Amino acid sequence: SQKIEQNSEALNIQEGKTATLTCNYTNYSPAYLQWYRQDPGRGPVFLLLIRENEKEKRKERLKVTFDTTLKQSLFHITASQPADSATYLCALDMGGFQKLVFGTGTRLLVSP
Amino acid sequence: DAGVIQSPRHEVTEMGQEVTLRCKPISGHNSLFWYRQTMMRGLELLIYFNNNVPIDDSGMPEDRFSAKMPNASFSTLKIQPSEPRDSAVYFCASSLSGESQPQHFGDGTRLSIL
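First to last, the sequence lines map onto chains A and B.
The opening residue of the first sequence carries number 1 in the working numbering; numbering runs sequentially from there.
The opening residue of the second sequence carries number 1 in the working numbering; numbering runs sequentially from there.
It should be emphasised that the hints constitute simulated quantities derived from the structure, not laboratory data.
Given the structure is predicted, the values throughout are model-derived calculations rather than measurements.
Worth double-checking, as some hints may not be accurate.
[Unchecked claim] One-sided and incomplete, this derived list gives chain A residues near chain B with beta-carbon spacing under 8 Å:
| no. | residue |
| --- | --- |
| 1 | 31 |
| 2 | 43 |
| 3 | 99 |
| 4 | 103 |
[Unchecked claim] Here are the simulated DSSO-like pairs of lysine-lysine, each with C-alpha atoms no more than 27 Å apart in a straight line:
| no. | chain 1 | residue 1 | chain 2 | residue 2 |
| --- | --- | --- | --- | --- |
| 5 | B | 68 | A | 99 |
| 6 | A | 99 | B | 24 |
| 7 | A | 3 | A | 99 |
| 8 | A | 99 | A | 59 |
| 9 | B | 78 | A | 99 |
| 10 | A | 57 | A | 71 |
| 11 | A | 99 | A | 71 |
| 12 | A | 55 | A | 17 |
| 13 | A | 99 | A | 57 |
[As the list claims (entries may be wrong)] Which residues of chain A face chain B? A partial, calculated answer using Cβ under 10 Å:
| no. | residue |
| --- | --- |
| 14 | 34 |
| 15 | 44 |
| 16 | 45 |
| 17 | 49 |
| 18 | 85 |
| 19 | 89 |
| 20 | 101 |
Backbone N, C-alpha and C define an ideal beta-carbon position, used for all residues, glycine too.
Working from the sequences, and respecting the hints, build out all of it.
Structure representation (C-alpha cells):
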C-alpha cells in the first residue's frame, strides 16, 4: 500500500524566510498530488494541486515541486509570515475515483 | 457561500451509546467523503459516496460503523455501539466529481467516548 512520509517534527523559521516542507512516498507514483493547510480546530483547506507531468506549480507565495524519480514533493512558502503558521498536509491520489491518502502533516511555526 | 456543515461540533458520550454524526455538503458537489483524524494515524478515509452511492467503504473500521447518504444534501455516519477507541475528530468533505478535484472539508466533529 502507498506510504507517505512528512516530517513529524515541527519546522521553526523566522518571518521573511522561505519554508520548505517535504512529502516522500513509496510504491507507485500518483497521477497527482495535493497540498492542504490545517489550522487547530479546523478542517484542512486545499492549497495547490500538481500533476505527475508537471515539475512545478506556483500560486502567489506558494510553490510546489513534484519529482517522480525521487518520489518526492516539496512545498515552499516564500517570504513567510506568522499567519502561515499551521500544519501542512500532502495527499496522494490512489489511482482514480478521487480516493486520497494523506500524510500525517508537518507543523510550521513562523516567528516574528 | 456556505461551506461543508457538520454537526455536532463536539460530542461526549458513554461507551455503548449510539453516535450519529451529520454532514451537509456544498450544494452542487456530488462526491462526499468521511474521514477520521487521530494523532497516531493522521487523516484516514472511511468511506466516500458519488451521486449518493457508496463507492468505497474499505476504510470503515468494522461493522459498528455505518454511513448513509439519503439525498444529495445530507449524509450521516453512525457508530453503534461506540467504544473509547472511536474517540477522534471526524471530518466530512465534499467535491465535484472527477479526478484531482480539491476536497472541501467541514470543521469536524470532535468525538469523545468515555
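Hints, one by one, checked against the model:
{"no.": "1", "hint": "31", "verdict": "7 Å, holds"}
{"no.": "2", "hint": "43", "verdict": "3 Å, holds"}
{"no.": "3", "hint": "99", "verdict": "6 Å, holds"}
{"no.": "4", "hint": "103", "verdict": "7 Å, holds"}
{"no.": "5", "hint": "B:68 x A:99", "verdict": "18 Å, holds"}
{"no.": "6", "hint": "A:99 x B:24", "verdict": "20 Å, holds"}
{"no.": "7", "hint": "A:3 x A:99", "verdict": "14 Å, holds"}
{"no.": "8", "hint": "A:99 x A:59", "verdict": "24 Å, holds"}
{"no.": "9", "hint": "B:78 x A:99", "verdict": "21 Å, holds"}
{"no.": "10", "hint": "A:57 x A:71", "verdict": "17 Å, holds"}
{"no.": "11", "hint": "A:99 x A:71", "verdict": "19 Å, holds"}
{"no.": "12", "hint": "A:55 x A:17", "verdict": "23 Å, holds"}
{"no.": "13", "hint": "A:99 x A:57", "verdict": "22 Å, holds"}
{"no.": "14", "hint": "34", "verdict": "7 Å, holds"}
{"no.": "15", "hint": "44", "verdict": "5 Å, holds"}
{"no.": "16", "hint": "45", "verdict": "7 Å, holds"}
{"no.": "17", "hint": "49", "verdict": "6 Å, holds"}
{"no.": "18", "hint": "85", "verdict": "18 Å, violated"}
{"no.": "19", "hint": "89", "verdict": "7 Å, holds"}
{"no.": "20", "hint": "101", "verdict": "8 Å, holds"}
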